[in-house]
Amino acid sequence: MNKPINRLPLPLPLRRLYRITSVVWTVYAAALALVTHGSVLLQAADPGRHVLTVLAGLAAVAMAVRTVYPGRPEWTRWTLPMMSGTSVAAFTLLLFAVDSAGGFTAGRIGFSLLVLTPGGIAYIHYLGEKAVVGR
Amino acid sequence: MNVPIQAQVLAGLLGLTTIAIGVYLPRWLARRSQRRTDPPRNADTARENP
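First to last, the sequence lines map onto chains Z and B. This note's numbering puts the first residue of the first sequence at 9, with every later residue one more than the last. This note's numbering puts the first residue of the second sequence at 676, with every later residue one more than the last.
Keep in mind that the hints are not guaranteed to be accurate.
[What the hints assert, rightly or not] Computed list of chain Z residues with no C-beta within reach of chain B, every gap over 10 Å: (1) Leu20; (2) Leu42; (3) Leu66; (4) Glu82; (5) Thr84; (6) Met90; (7) Ala114; (8) Tyr131; (9) Leu135.
[To be verified] Cβ-to-Cβ under 10 Å is the rule here; a few derived chain Z residues that face chain B: (10) Pro55; (11) Leu63; (12) Gly65; (13) Pro78; (14) Leu88; (15) Ser92; (16) Val96; (17) Leu102; (18) Leu103; (19) Phe112; (20) Gly118; (21) Phe119; (22) Thr125; (23) Gly127; (24) Ala130.
Everything labelled a hint here was simulated from the structure, so no lab data went into it. The structure presented is a predicted model; accordingly, all values stated were derived computationally and were not measured. C-beta: ideal position from N, C-alpha, C; glycine also.
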């Protein structure tokens, strides 16, 4: 009986790669959760920022699980679109918060773009997996 | 210094739109490439194989 491709055991090098990327993504997701929770700019964006903190925290927990179980990427693939959506929402909230906090500075622009990068990476990765690899 | 709730809702909708595009764009691309690789339908084959 042929197993579906996402049930095949992953080869060891791929599991190691997934473990390393999962550590990076755990840090990235935890960082996004901490930013949405504690950023001074976003203190003005209640209650939306709390929703984003919860979502980013969920992604961080899922990535920590994937660090321990790298051979089952299908368990946590749903976090990729969620991270991209959370990152875009946090970026948009930051733009509004910056606007109501007196305007843009170089630091605020850079900070907002940094918040957007997990979204960009997750988006490219997710689209690449679906459109190119097909799963 | 408060971000209005409408702006927060807009930010949430933008996030959801990002997710929706990420989910449906690959399917659309797959359907489009399938249409391109399917053999062309012409009048004769359409009559014989309705």
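Checked hints:
{"no.": "1", "hint": "Leu20", "in the structure": "28 Å, holds"}
{"no.": "2", "hint": "Leu42", "in the structure": "18 Å, holds"}
{"no.": "3", "hint": "Leu66", "in the structure": "14 Å, holds"}
{"no.": "4", "hint": "Glu82", "in the structure": "16 Å, holds"}
{"no.": "5", "hint": "Thr84", "in the structure": "16 Å, holds"}
{"no.": "6", "hint": "Met90", "in the structure": "7 Å, violated"}
{"no.": "7", "hint": "Ala114", "in the structure": "21 Å, holds"}
{"no.": "8", "hint": "Tyr131", "in the structure": "6 Å, violated"}
{"no.": "9", "hint": "Leu135", "in the structure": "6 Å, violated"}
{"no.": "10", "hint": "Pro55", "in the structure": "8 Å, holds"}
{"no.": "11", "hint": "Leu63", "in the structure": "9 Å, holds"}
{"no.": "12", "hint": "Gly65", "in the structure": "15 Å, violated"}
{"no.": "13", "hint": "Pro78", "in the structure": "23 Å, violated"}
{"no.": "14", "hint": "Leu88", "in the structure": "8 Å, holds"}
{"no.": "15", "hint": "Ser92", "in the structure": "5 Å, holds"}
{"no.": "16", "hint": "Val96", "in the structure": "5 Å, holds"}
{"no.": "17", "hint": "Leu102", "in the structure": "9 Å, holds"}
{"no.": "18", "hint": "Leu103", "in the structure": "8 Å, holds"}
{"no.": "19", "hint": "Phe112", "in the structure": "15 Å, violated"}
{"no.": "20", "hint": "Gly118", "in the structure": "19 Å, violated"}
{"no.": "21", "hint": "Phe119", "in the structure": "16 Å, violated"}
{"no.": "22", "hint": "Thr125", "in the structure": "14 Å, violated"}
{"no.": "23", "hint": "Gly127", "in the structure": "7 Å, holds"}
{"no.": "24", "hint": "Ala130", "in the structure": "8 Å, holds"}
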